[in-house]
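Chemist: Numbering of the sequence shown is given in this note's numbering, commencing with residue 1 and proceeding in unit increments.
It is possible that part of the hints are untrue.
[As the list claims (entries may be wrong)] Below 30 Å or equal to it, Euclidean Cα-Cα: the simulated DSBU-like pairs (lysine-lysine) are: (1) K169 to K151; (2) K282 to K241; (3) K260 to K235; (4) K241 to K142.
Worth flagging that the hints you see were computed from the coordinates, not collected in a lab.
Since the structure is predicted, the reported quantities are computational estimates derived from the model, not experimental observations.
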Amino acid sequence: MFVIPLAWLQLKRERVRLLIAIAGIGFAVFLMFVQLGFRDALFNSAIRFHENVKGDIMLLSTRSNSLISIQSFPQRRLYGLLGLETVENISPVYVGFGLWKNPFWEGLPKSQTRQLMVLGVDPNDDVLSVSGYDAAARKLLKVEDRILFDKKSRAEFGPISTKFEEYQKQGKSIVTEISDRKVTIDGLFELGASFGADGNALTSESNFLRIFTRRNRGEINIGIVKLKQGADLYKSLEAVKKALPGEYRVNPVLNPDEAKEDFIVGEIRVLTKKTFVEVERKYWQNSTSIGFIFTLGAVIGFLVGIIIVYQILYTDVSDHLPEYATLKAMGYKNRYLLKVVFQEALILSVMGFIPGFLLSNGMYTLTRNATALPLAMTTDRTVTVFCLAVTMCAISGAIAVRKVQDADPADIF
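Sequences are here, hints too, so could you generate the full structure?
Modeler: Quick look at the structure:
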């Protein structure tokens, strides 16, 4: 026969208090989910371009900190690597931020212009593994003033995705402006918005330089080096180090293994693709206030949960102190009474986690639709927050049990 735990019987005896406790814990869980979710969305959106680059070794200017503040370096440094034995291909990438004119802005209450990130690539090279950037799309970019628009950009750029399909059926094209240069949208690709760029456009090197007239063709932002199949990455990095002019330097905070994948030669920073991704992630995590704020929000949610659960358990223990004293008088040890309190804490953590989880899913959906950020519930985050919720309640229980230990039958009766 199933025995109902004493902890549950005590909790459900005061139903209003139980509901308040569940609501409080649910709010703390919701807060942790939202803050951790936003933080992960920040990091994941920031590195989507980096993860989708098709290359093995990346060249950057030593003055570059992240994609949103990327600096240029001489293109000849990249082309100087083309003769290396293990190098199959090299690709320059231009990055710029221009003002996008919403072609369907008339009648809308919001501004007709908005800043977006423009990527200029060689249309002969398959440099990005994103949907919509295929051989046919690259061929279109060879035509003057043609671009691909990121269909996952924020809605403020206009209903480009739906209108593009409508216009295609009618045999028409969407014409708009980027930084006062008329461009025609010839296709859609999928990259996604980020905290640094609300929208993206992709075009050829020549078209990029037509949009950004002050840019010099010989100054690029990213150099992509693709190695031949089977080539040894570390031997190739050594060859790159010798081929580039200038003094070889490493970051003193890096360990020897990390220094092999991230070093400086002259004015060029050389990284593996893996390190290229991690450098961008660490920038947003450690060098901006946004990452810290979201982490702090999760910590605050954790602390709020501890306080709420402690208040509930402390009140419950105080109200049932005579019962605990009676159990002591009957011969029950402190260990049993502590077990009851911790069971209450565990039950509260599970019951509070469920509504917090469901509310967070709804918030993720609303935020994802409104911001186009990659915000979704993940198994890792679910397990993390559940463990935090259990830990939160366990800490509260550990504090509250001191009241049980003080329960003396002689004092009560």
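Chemist: Does the alpha-carbon distance linking K282 and K241 stay inside the 30 Å limit?
Modeler: 24 Å, holds
Chemist: Take the C-alpha atoms of K241 and K142, compute the straight-line distance between them, and say whether it is at most 30 Å.
Modeler: Since the Cα atoms of K241 and K142 sit roughly 33 Å apart, the hinted pair is violated (cutoff 30 Å).
Chemist: For the pair supplied as a hint, K169 and K151, is the alpha-carbon distance within the 30 Å limit?
Modeler: Roughly 18 Å between the alpha carbons, so the hint for K169 and K151 holds.
Chemist: Sort out whether K235 lies within 30 Å of K260, counting only the CA atoms.
Modeler: Given pair K260, K235 holds - Cα atoms ~10 Å apart, limit 30 Å.
The structure shown violates just one earlier hint, number 4.
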